[in-house]
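Engineer: Using the sequences and the hints given, assemble the complete structure.
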Amino acid sequence: MISVDALAVEFSGQTLFKDVSFVVNENDKIALMGKNGAGKSTMMKIIAGEQKPTRGHVRFPKDAVIAYLPQHLLTEDKCTVFEEASKAFKHIFEMRDEMEKLNKALETRTDYESDEYMCIIEKVSDLGEKYYALEDVNYDAEVEKALRGLGFKREDLHRLTSEFSGGWRMRIELAKILLQKPDLILLDEPTNHIDIESVIWLEDFLINKAKAVMVISHDKAFIDNITNRTIEVTMGRIYDYKANYSHYLQLREERRANQIKAYQEQQKFIADNMAFIERFKGTYSKTNQVSSRERMLEKLEIIEIDEIDTSSLKLRFPPSIRSGDYPVSVQDLSKSYGNHVVFKNANMSISRGEKVCFVGRNGEGKSTMIKAIMGEIEVQGKCSLGHNVKVGYFAQNQASLLVENLTVFQTVDEVAEGDVRTQIKNILGRFMFGGDDIDKKVSVLSGGEKTRLAMVKLLLEPVNLLILDEPTNHLDLKSKDVLKEALLAFDGTLILVSHDRDFLQGLSQKVFEFKDQRVIEHFETIDAFLIRNRMENLKQIDLKN
Numbered sequence: 001m002i003s004v005d006a007l008a009v010e011f012s013g014q015t016l017f018k019d020v021s022f023v024v025n026e027n028d029k030i031a032l033m034g035k036n037g038a039g040k041s042t043m044m045k046i047i048a049g050e051q052k053p054t055r056g057h058v059r060f061p062k063d064a065v066i067a068y069l070p071q072h073l074l075t076e077d078k079c080t081v082f083e084e085a086s087k088a089f090k091h092i093f094e095m096r097d098e099m100e101k102l103n104k105a106l107e108t109r110t111d112y113e114s115d116e117y118m119c120i121i122e123k124v125s126d127l128g129e130k131y132y133a134l135e136d137v138n139y140d141a142e143v144e145k146a147l148r149g150l151g152f153k154r155e156d157l158h159r160l161t162s163e164f165s166g167g168w169r170m171r172i173e174l175a176k177i178l179l180q181k182p183d184l185i186l187l188d189e190p191t192n193h194i195d196i197e198s199v200i201w202l203e204d205f206l207i208n209k210a211k212a213v214m215v216i217s218h219d220k221a222f223i224d225n226i227t228n229r230t231i232e233v234t235m236g237r238i239y240d241y242k243a244n245y246s247h248y249l250q251l252r253e254e255r256r257a258n259q260i261k262a263y264q265e266q267q268k269f270i271a272d273n274m275a276f277i278e279r280f281k282g283t284y285s286k287t288n289q290v291s292s293r294e295r296m297l298e299k300l301e302i303i304e305i306d307e308i309d310t311s312s313l314k315l316r317f318p319p320s321i322r323s324g325d326y327p328v329s330v331q332d333l334s335k336s337y338g339n340h341v342v343f344k345n346a347n348m349s350i351s352r353g354e355k356v357c358f359v360g361r362n363g364e365g366k367s368t369m370i371k372a373i374m375g376e377i378e379v380q381g382k383c384s385l386g387h388n389v390k391v392g393y394f395a396q397n398q399a400s401l402l403v404e405n406l407t408v409f410q411t412v413d414e415v416a417e418g419d420v421r422t423q424i425k426n427i428l429g430r431f432m433f434g435g436d437d438i439d440k441k442v443s444v445l446s447g448g449e450k451t452r453l454a455m456v457k458l459l460l461e462p463v464n465l466l467i468l469d470e471p472t473n474h475l476d477l478k479s480k481d482v483l484k485e486a487l488l489a490f491d492g493t494l495i496l497v498s499h500d501r502d503f504l505q506g507l508s509q510k511v512f513e514f515k516d517q518r519v520i521e522h523f524e525t526i527d528a529f530l531i532r533n534r535m536e537n538l539k540q541i542d543l544k545n
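Just so you know, we're using UniProt numbering here: the sequence shown kicks off at 1 and counts up by one.
Hints were generated in silico from the structure; no laboratory data involved. Accuracy of the hints is not assured; some may be wrong.
Unchecked claim - Heads up, simulated SDA-like pairs for lysine to any residue below, C-alpha to C-alpha not over 20 Å straight-line:
(1) Lys-480 / Val-444
(2) Lys-299 / Glu-278
(3) Lys-35 / Lys-45
(4) Lys-457 / Leu-401
(5) Lys-390 / Leu-488
(6) Lys-35 / Leu-251
(7) Lys-35 / Asp-502
(8) Lys-382 / Ile-520
(9) Lys-425 / Asn-397
(10) Lys-104 / Asp-126
(11) Lys-104 / Phe-82
(12) Lys-261 / Lys-220
Structural biologist: Pasting the structure below:
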């Protein structure tokens with residue numbers, strides 16, 4: 001059991017949260033929720049021991065293992081993927097090596113009666129007792145199973161970590177954490193850089209094999225599937241629900257309705273008493289009553305209504321010219337990098353107004369196909385855009401294309417037209433740019449902030465073909481809702497790559513699956529595809545391991 005006692009965090013005269021207490025029990029699966037800036041990541045860092053609170057403590061048993069995966073992390077560059085992941089068992093390997101070293105020392109010594117010899121005997125005995133008490137595990141097999149489950153191919157395991165992107169390195173660190181079998185796993189946005197199949201594998205692991213878990217995530221399907229408890233951080237305090245995310249939303253609405261009712265009743269009570277005070281102030285016979293009511297009102301604790309985003313902002317893509325019947329045509333398309341074949345003889349025809357999804361493990365060619373459609377890479381075969389096609393393209397590196405010396409507001413104002421210009425501040429607010437943020441230069445924004453700004457800019461451009469490659473990685477749940485509503489209302493053609501299943505649901509009528517150097521066309525919705533493939537994928541991943 002891990003106990004959080006009276007935590008408080010204050011900085012620059014501001015209180016982030018105060019007197020926060022709760023207990024994490026064995027097998028609790030907790031979603032840590034709250035708006036951006038509420039203090040979720042700070043609280044997680046404190047529990048992980050990465051940050052000190054202003055006041056309060058986190059208490060846990062001496063032998064408890066707490067493992068933490070932050071949003072941004074890099075592994076070492078001098079190890080292979082397998083070697084880096086194997087560090088999860090570093091303490092066990094060190095124990096084994098120390099035993100071997102001591103046993104070799106005993107073999108060469110002849111001072112059997114000396115204190116030093118007896119000391120070595122005791123060390124070997126103590127280490128042996130701990131080592132042989134451990135579960136008999138094939139560590140190499142466990143490392144490979146975890147890495148394969150998280151999307152690495154067998155040939156990747158002996159490549160240097162320096163050859164992989166930050167997202168893949170994050171998977172290595174996640175594998176290390178899972179292999180440690182900790183008492184509490186802390187995960188801050190774990191699904192941002194992994195594909196759908198790997199998310200399904202991670203879900204299965206957390207549900208069936210992990211002990212306690214606490215997760216921050218904007219992936220609704222992921223947190224709904226794995227959690228049985230929700231802790232909301234809001235206005236410096238917490239609310240603790242024995243419910244998953246969807247049920248928590250219903251309970252939160254009920255709580256807020258009760259708060260509003262109590263607040264209104266209290267305001268009426270205050271108004272009635274203020275009226276009495278004003279009416280009888282200066283009346284000698286009522287002096288004691290007036291004074292009593294004034295003291296009561298001074299001591300009265302005003303009921304607060306929890307923060308909630310009540311804005312009803314809806315965005316629609318500006319109208320664009322009508323495209324030809326087939327905005328995208330691909331015939332016998334192949335792409336290789338050296339000896340590595342990404343896909344070969346791929347064919348696809350996307351009709352005007354169709355919404356399609358590209359799915360498959362990372363590295364199977366989804367982003368490569370998009371680059372081919374955009375003419376960014378050389379390929380074998382034919383790939384063409386249709387008549388009058390105006391493309392809106394959101395790439396994973398879209399943030400790097402923004403103009404650095406413009407402000408956030410200027411970046412959006414450049415593309416906004418008509419009535420939407422009067423809503424720029426509201427639009428930016430829904431994408432987490434509030435207050436003074438709109439006057440910041442693009443050059444000082446973080447990678448996530450630039451990504452969100454690039455998405456806002458795209459939402460205001462008149463296009464008839466939208467190509468979105470992982471658009472939700474840095475969006476919170478409300479921002480994703482705004483984007484999804486806009487895509488549902490979009491009357492043009494959509495090509496979407498995403499690992500966020502809740503976001504994908506309802507957004508496509510056709511699926512192109514990238515697998516084993518092939519592009520397979522499925523005439524079904526993404527919802528039907530995911531349902532049909534969930535168990536099949538889990539079985540395939542398990543067999544491959």
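Engineer: Mind checking the alpha carbons of Lys-457 and Leu-401 for me, to see if they're no more than 20 Å apart?
Structural biologist: Measuring from Cα to Cα gives roughly 11 Å; hence the hint holds.
Engineer: Mind checking the alpha carbons of Lys-35 and Asp-502 for me, to see if they're no more than 20 Å apart?
Structural biologist: holds (19 Å)
Engineer: Hey, Lys-382 versus Ile-520, does the alpha-carbon distance stay inside 20 Å?
Structural biologist: With Cα atoms ~17 Å apart, Lys-382 and Ile-520 stay inside 20 Å; holds.
Engineer: Mind checking the alpha carbons of Lys-299 and Glu-278 for me, to see if they're no more than 20 Å apart?
Structural biologist: Holds - the C-alpha atoms of Glu-278 and Lys-299 are around 18 Å apart, at most 20 Å.
Engineer: With a cut-off of 20 Å on the C-alpha distance, tell me whether Lys-35 and Lys-45 pass.
Structural biologist: Holds: Lys-35 and Lys-45 sit about 17 Å apart, inside 20 Å.
Engineer: Given the hinted pair Lys-425 and Asn-397, is their alpha-carbon gap at most 20 Å?
Structural biologist: At roughly 25 Å apart (the allowed maximum being 20 Å), Asn-397 and Lys-425 break the hint.
Engineer: Would you mind confirming whether the straight-line C-alpha gap from Lys-390 to Leu-488 stays at or under 20 Å?
Structural biologist: holds (19 Å)
Engineer: CA of Lys-480 to CA of Val-444, is that 20 Å or under?
Structural biologist: violated (24 Å)
Engineer: Check the hint pairing Lys-104 with Asp-126 against an upper bound of 20 Å on the C-alpha distance.
Structural biologist: holds (16 Å)
Engineer: Straight-line Cα separation of Lys-261 and Lys-220 no greater than 20 Å?
Structural biologist: violated (30 Å)
Engineer: Against the 20 Å threshold, does the CA-CA distance of Lys-104 and Phe-82 hold or violate the hint?
Structural biologist: Not satisfied, since the Cα-Cα distance of roughly 28 Å exceeds 20 Å.
Engineer: Holds or violated: Lys-35 and Leu-251, Cα atoms, limit 20 Å.
Structural biologist: Holds, because 17 Å separates the two Cα atoms, which is no more than 20 Å.
When each numbered hint is compared with the structure, violations occur for hints 1, 9, 11, 12.
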